[in-house]
Each structure stands twice: as C-alpha cells, then as structure tokens.
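Participant: Take these sequences, add in the hints, and give me the full structure.
Protein chains in written order, with my numbering: chain U, 1 to 328; chain G, 1 to 359.
Calculated directly from the structure, the hints in this document are not laboratory data.
Beta carbons are placed, not taken as given, at the ideal position from N, Cα and C, and that holds for glycine.
There may be inaccurate statements among the hints.
[Unchecked claim] Simulated coverage check for chain U against chain G, where a stretch passes if three residues somewhere in it have a Cβ under 8 Å from a Cβ of chain G:
no.: 1; segment: 133-140
no.: 2; segment: 297-307
[Stated by the list, open to error] Example chain G residues on the side facing chain U (calculated, C-beta under 8 Å, incomplete):
no.: 3; residue: F79
no.: 4; residue: D85
no.: 5; residue: D264
no.: 6; residue: P265
no.: 7; residue: D267
no.: 8; residue: D270
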Amino acid sequence: MSKKLILIMIIFLTLIAGGMLIGTDEVTGAAKQTVTVAKVKKAPAGLDDPAWQQAKAVQVPFEGKEKFAGKKATVNTKAVYAADGIYFRFNWQDAEKSVTKGAWKYDGQKWSHQEGNEDRISLLFEIERINKFATKGCAVVCHVPPGKTAKDGKFGTTSAAEKGDLWHWKAARSDPAGFADDTWLTQISEEKGGRKSDAGKGGDKKNMTVDKSKPMYMPAPGKKLSANDILLVAHAVEINDYSGFKAGDTLTYRMPKMPEGSRADIKAISRHADGSWTVVLFRKLDTGHDDDVTFDPRKKYNFAMALFDNSGDEDSYDSEVLTLQFAR
Amino acid sequence: MNKRYGNQVNTFSEILGLADIIARMKLVRVPDDALTWHRFSGSLLLVLLVLLFLSGAFMAFYYSPVPGTAYDSVDYAMFSLPFGDVIKGVHYYSWNFLLMVMGLHLARAFIVGAYKSPRQLVWVSGVPIMLLIPALIITGDLLPWDQNGFWTTQVRISIIASVPVVGDFIVRLIQGGPLTGIAALTRFYVLHILFLPALLIFLLVIHFHFLKQRGLSGSWKENHPNRLSISFFPQLVNRWLLLFLAVTLALGLISWYWPAPLGDPADPTDSTFVPQPEWWVLFLNQLVTLFRGSLTVIGSVIIPGGLVALLIALPFLDTSPDRHPARRKKVILITLIIGIILAGLSIMGYVKHFSETHS
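Facilitator: Structure (structure tokens):
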C-alpha cells in the first residue's frame, strides 16, 4: 500500500473519530428535557409492543395550575418512529379513571347529568414557529386578560404567521373512537381564541333532546358501547320508547363522532389499569395537511404537554417546553 | 504568448490561455516531503479553509441577517434545501477540525524548531492567522441567532467589556449599541463574511510569501542541501486535491450521521439559559473564572495577551541554531509546563461546565 493511500486513510479515520468526539450535543439550558424518538424497524402494534423497549423513557414533570395549583404529576414519555409514522406512549398515575363527562343517569323517574368529567392529555407542536414557544412553552399561547383568571383566557398565537398543532386526547370524547382530536392554533382575535379544528369532520355530538331534559340516543340494535363504555354517534339510534329504561341506567352525553379528513390523523390506543393511564398516540410523520406539523427526522422540535385530571376546563397540569429529537 | 496561436489549439489549458502560467507553475519546485504523513497539517488547514469558504458561501445565499428571520433562514437552508444540513455540517466540523489541526501545525513547527532562522517570519506571520480564526468563529456563532449563539455572545461581550479603558468602546464598536440586536447581527455578519475573510486571505498571502522565500523547514537533524524535490504543479497540487476530496468526503459523512447543531431560536428575555463554552475556549473561560472582580483583567487580557506575545517573540527569544528537541530542553520544558497548565484549565472547565451539569 502506498504511503499516499495510508495518509489519506489515516486522515479520513481521524476526522471521523474526531467528529464523533466533538459530537453535536447542543446546549439546551439546564431545565429543558429532550424526548428522543427511537428509530424502529417495525411500528409498535399496541401499548406493550416490544418496540417500546427501544425508546428511552423520559419522566416529564408537570406543575398543577388553577384548581391543581401546588400539585405535581409525572408522565412517563416514550417515542418511536418507523418508516412513515411517529408513535408516542404516555403513562401516568391516575387512581380514578374519569370518563363520565356529564353522562346521563336515570333514577326511575327522570334523567340527570352525573357529576364528573374526563381525563385528557394534550400536546402542542409548532407548525410555523411560534415566537418564544421554544423557551416559554404554552405560556405564550395562553392569553389571560389582566385581572381575569385562566377560565377567561383565550388560546392562540399572536400573529397569523405563527401556527401550532394541538393534539388532544380525551378519554371520553375522542379515545372511544380510537383517535385524539386533531386541532391547530392560529392568531387570537379580540372576539375569540385562535383554536381551530383541523379540516374534515370530528368532535362529538351532545346526546340530548331539544328540551335538554333527557338523552335522545341509545345504542343501535347489535351495536355495543365502545371503549370506556362510551356510545359513538355511529352506533347510536334515536330513542323512540323511554319506558324500557330502569333506574340506574346510564347513557353517554358527549358521543364521539368518527373523525374524517385531516381531523382523523392522530390515532389513539389506551388502557386504564392499576391506577394509571397508558395512552399511545400515533400519526404519519408527514400527513400532507397544512394544519399539521410535518416531522422531519433530521430536525428537532419543541413541544409542551398538558394533563387534565377529571377536568373539563383550564384546570390542568402543565409541562415545561420539551425538545423532540429523532435518533438516526 | 501562446506559440500555437494561429495554428491548431488542442489542449484545454491552451484554449483558456493558461499554458504559460501552467508552464511556470511546473518550474516551481518544492521539497519531496511537502505533503507527506509527517507534514500535512499545513495542507490540511488549507483544505479546511477552502471548505469553510465554499460552505459559508452556500449558506450566505440563504442567510438573512435580521434577528426576526436569521434563525428561520438558517433552518430553511439546513432542512429545506437538498443536503443543506450536510453543507452546514461541513462548515461546523471544518472550523472545529481547523482549530485542532492548527494546534498540530503549531506543535509540529515548534517541535522541529521551524521558527528558527531563517524562518522566523514564517512563524510570526502564522500567529495572527491563529488569532483570526477564533474571531471568525466568534462572529459566526451569533449568526444562526439561536439560544447558544446569542447567550455565548453575551458572555464574550461581558468579558470584552471587562477590559479596562477600551472594553466598553470595543463592545460598542462591534455591537453597534448597548444591546445585541439587529446592529450587532449585521456587524457580526459583515465581519464574518467580508472583513475577517479578506484579512485572513491577506495574512495567508503574507504567510505563503515568507514560506516561499525561506522555504519549508527540513529535518531537525541537519539541513539537506540535496533534498529531493517535486514540481508544484501537477504533483503537489494533485496530492492536495486528493487530500481535499478525502477530507470533503469524511466531513460530509460526519455531517450526515452527526448533524451540526441548531438550537432553539434566541430568546433575549430568557435569562435562565446558561450557555456552555465550546471545547476550544474552555481554558480561557476557566481563566476568567479564576480571576474575578478587579482581577478579571488578568484572566481576560494579561495572561492570554502574554501567551500571544510569547508566541510571537519565540523566534527571537530562542535564537540558538539547534533544532533538535533534545538540545532545546529549556524551551521544550517551559512550553510543556504551559501546555499542561492550559490542558489542566481546560479539564477543570470541562468538569465544571459539562460533568457537573450532567451529574
């Protein structure tokens, strides 16, 4: 072998070794956590798929706000990606499974709404850069007028150029259909917030009569209740005869619709067992929709999460902003 | 004048009218060992500089030196253009390796006594180049307008501001005002892509001028009056091109597998962000940390300035004709002590900023 060739090989190998040593670990500040999305050959098929073992778990701390002020929560977070999809797995302690969401209950004489709301988890990504979201997180999209509480606040960005992608898993209103609600954030206005549903159909339908005194729908013949004992719109049929109900019977109040179009991008699987929720959300890396963030495994992303325990409003546990980075 | 004008012109160089220049280049002879395994750092530095110029020029096409758009323009160049991240990576790794190879180049020149007569000015003309590279890095760090670049610049500016008498003036000069904003970014950009590269080329020309005048240093054992030589063109140029290709390929692969970092967009209101110093500046950072308050000037100016002065003065302090390290024990020992201290400071800095942070 000629000396020239040896020299070239030595330089080549030294540079590669040097590159590995220099590394590219960037400084992200002391508090910012990174969730690394592991690359897997085969996408996880469920909550306990072996593919999840390839992902490093990150314990994401959450701080309680409003009603939960002073309380803390932790969500064990994992993420993997395969050929064209990204998969998140969340696990958090929640002794009580809350899926009531004002469900109807019959006492033998009349129908009334039960106490109780639902458990939820939401994620916010940037579709187009939201000013200071990378450092301040959700605080920059929550606008509370001076002197008012969070309940009076509006959710949205400060300019039309800033766009957020909000994934909203709801134990009662989206999970039974097998989805998380796919919404997005745009500029806030004085009249209303900047929260929009993705293109397509979805959401839920209130199950009540025009006079709001009782439910209007029940499971269609041959149709069963879905996960968490929730009645889907697709499985419901109008009640013609209320005499068949007996005391103690319950019926879903907020019936999830099967989403379509861009609103049906985020699929969900869940389980509540042994006092904890395990939720998997998955989506295509690139949905091709303008109202979704496009994940490019070469890039890093900022995201923040919120956890809602039996809550229907702004009472939540919020995470700090996190970094999402893809392993190659 | 080309003798074949008017007749048939059949080579590419003749078509371009370069035949005479090439003929002259062929007459230039350089030592046979001009680019060999023990003497390649200078050529490698040139390769890395060329790569920095080329990759930097590519990024400049897309860069917007305004705080509101700088980050997005870099993000666009990296992730929306084909191989944009690889080109940014080549730029990033090139300057990292440039510093390392520069250290090797300096160390070799010192060990073989290449600074001694008659090559004192080759050595002296190299020192400003060595100082200019960090200036290019410092001005370049701010350009992506990311958190690390922004806050690292704040630390550097505060160190400059601590220099007595001229500190504030220099800060105003480079920053264009009291805060790091649009004026600072514009000035850093202009310095980074125009003035500093122009100055670097000027200094390189001077360095090469002295190199050509005084020749490459031979073995430390003795001077070889009958050293073998090769032609500058095409032999040396071909070797260099081979090196250029190998390094480009290596850095391209490194950049592909370990992409250059781009942090979060700069948030001047986020005072909680703690920038960590880059590896090459750890010893300086530690010096500044050791000397605080009224003594800051010792760590920020006197010691670094003294080291630079020592480097420049070395050929005039060590004037003995001996080049063999065994016969230069005193100089070697002093340098070794300085080197160990600097390495120790770097390790202390690393432990402080990296190990302790992650533990």
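Participant: None of the hints should be skipped; say for each whether it holds.
Facilitator: For each hint, the structure was consulted:
Counting residues of the segment 133-140 of chain U whose beta carbon lies closer than 8 Å to any beta carbon of chain G gives 3, which meets the minimum of three for the stated coverage. Chain G is given as covering the segment 297-307 of chain U, and this holds because 4 residues of the stretch bring a CB closer than 8 Å to a CB of that chain, at least three being needed. At a threshold of 8 Å, the smallest CB-CB gap from F79 of chain G to chain U is about 5 Å, leaving the interface hint in force. Using the Cβ-Cβ criterion of 8 Å, the hint placing D85 of chain G at the interface with chain U is satisfied: the shortest such distance is roughly 6 Å.
Proximity of D264 of chain G to chain U holds as hinted, the smallest CB-CB distance being about 4 Å (cut-off 8 Å). Look at P265 of chain G: its Cβ gets to within about 6 Å of chain U, closer than 8 Å, so that hint holds up. Because the smallest distance between the Cβ of D267 of chain G and any Cβ of chain U comes to about 4 Å, under 8 Å, the interface hint for this residue holds. At its closest, the beta carbon of D270 of chain G sits 4 Å from a beta carbon of chain U; the interface hint therefore holds under the 8 Å criterion.
Checked against the numbered hints given earlier, the structure satisfies every one of them.
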